[in-house]
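Whenever a hint applies, use it, and build me the whole structure from the sequences.
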Amino acid sequence: MKSAAARFRAGWPLVLFAWAGGLGWARAAASPDFAGALGLYQGRHYSAARAAFQNLAAAGPDNPEIDFYLGRLALWFDDGAAALRHLERAARQSPREARIQNALGDAYGLAAQGAGLLAKFGWAKKCRAAYERAVELEPGNPAFHWSLLGYDCMAPAIAGGGRDKALAWAAEIRRLDPMSGRVAFATLALVEKNAGAAFALFDEVLREHPDDFLALYHLGRCAALSGEQLERGLAALRRCLVLTPPEGDGLPTRACVYHRIGNILEWQCDRVAAKEAHAAAVRIDPDFRPAKIALKN
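Residue numbers for the sequence shown follow the numbering used here, so the first one is 1332 and each next one is one higher.
A couple of the hints might just be wrong.
Ranges of calculated distance between the beta carbons of each label pair, as one might list FRET restraints [to be verified]:
hint	residue 1	residue 2	range
1	Ala-1502	Asn-1386	40 to 46 Å
2	Pro-1426	Lys-1623	32 to 38 Å
3	Gln-1424	Gly-1581	23 to 29 Å
4	Pro-1541	Leu-1507	25 to 31 Å
5	Ala-1610	Gln-1385	25 to 31 Å
6	Arg-1423	Glu-1562	51 to 57 Å
7	Asp-1364	Glu-1539	45 to 51 Å
8	Ala-1610	Asp-1393	36 to 42 Å
Only pairs whose alpha carbons sit at most 27 Å apart, straight line, appear in this in silico DSS-like list of lysine-lysine [unchecked claim]:
hint	residue 1	residue 2
9	Lys-1627	Lys-1606
10	Lys-1524	Lys-1496
11	Lys-1496	Lys-1457
12	Lys-1496	Lys-1456
13	Lys-1623	Lys-1606
14	Lys-1496	Lys-1451
Because the hints were derived from the structure by calculation, they are not lab data.
Backbone N, C-alpha and C fix where the C-beta goes; we use that ideal spot for every residue, glycine too.
This is the structure:
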């Protein structure tokens, strides 16, 4: 079984850095069939949603909304070719939609991950340009700043990345959304192997609000990714299980909590309990891929 740290290092930006999840911007639907497909998507029933949107695509002319969701779902299932096909077509039809540009950047990032050395830089350039376009079109959305933070944190300087740039994006995220900013700076601290600084960001919240779900979850996430303060992280995550998760696109769910519990149990070499925790995540959310991948390893 891979350690949580190994998966953290190997993760591509969409998976590693998404604070807002990147998987849901609802738009008004013109048909009951679209509304049904969108409901499956928003309920995180991604396999069923993909089939429903594919049926919609087969039944009518090209539609950027349908292509957007099919592209996002293709990314969720690591289907890079389908993601590029749908999202490039959506971007041609709706060039001023920030969410489409951001998703297209994710698709280019996924393509870069699987490309050879020479091609990798070309895909990376496209990835960054799409993310920058999304921020230009919708500068008040912290999710799009997260994409650039992830890029600049992961990409080498030769591809335009860098720590100072990532810190600047974290500061902007904090200006737009204080809790998201804490997560951004904690993520950068974890990348720099400064777990103490990451934990401290959530300690500040928990001293005044000991049952703050997001602070507890992200403290547990810090433990799961760093391998430090494991018992404390485990207690925080177990406390989350008796609290009500916040509602909203991309916010951590009970499935996320069980998955992070599984990560911590892996650090503690309790493989049986870790698998039970990941299995609990999949029971709650059958399409929760991080836990499904963990169960295979």
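Results for each hint:
1. Hint check: Ala-1502 to Asn-1386, Cβ distance near 44 Å, so the stated range 40 to 46 Å holds.
2. Range check, Pro-1426 to Lys-1623: about 35 Å between beta-carbon atoms, so the 32 to 38 Å window is met.
3. Judged by the Cβ atoms, the range 23 to 29 Å given for Gln-1424 and Gly-1581 holds: they are separated by roughly 25 Å.
4. Distance hint check for Pro-1541 and Leu-1507: the Cβ-Cβ separation is about 26 Å, which falls inside the suggested range of 25 to 31 Å.
5. At roughly 29 Å, the beta carbons of Ala-1610 and Gln-1385 sit within the given window of 25 to 31 Å.
6. For Arg-1423 paired with Glu-1562, a C-beta distance near 52 Å keeps the hint of 51 to 57 Å intact.
7. The hinted range of 45 to 51 Å is satisfied by Asp-1364 and Glu-1539, whose Cβ atoms lie roughly 47 Å apart.
8. Distance hint check: the CB atoms of Ala-1610 and Asp-1393 are about 40 Å apart, consistent with the given range 36 to 42 Å.
9. A C-alpha spacing of about 9 Å is found between Lys-1627 and Lys-1606, which places the hinted pair at or below 27 Å, so the restraint holds.
10. With a C-alpha separation of about 18 Å, the suggested pair Lys-1524 and Lys-1496 falls inside the 27 Å cut-off, and the hint holds.
11. This hinted pair checks out: Lys-1496 and Lys-1457 have alpha carbons roughly 18 Å apart, not beyond 27 Å.
12. A C-alpha spacing of about 16 Å is found between Lys-1496 and Lys-1456, which places the hinted pair at or below 27 Å, so the restraint holds.
13. Taking the CA atoms of Lys-1623 and Lys-1606, the gap is near 10 Å; set against the 27 Å cutoff, the hint holds.
14. With a CA separation close to 21 Å, the supplied pair Lys-1496 and Lys-1451 stays within the 27 Å bound.
Hint compliance for this structure: every hint is met.
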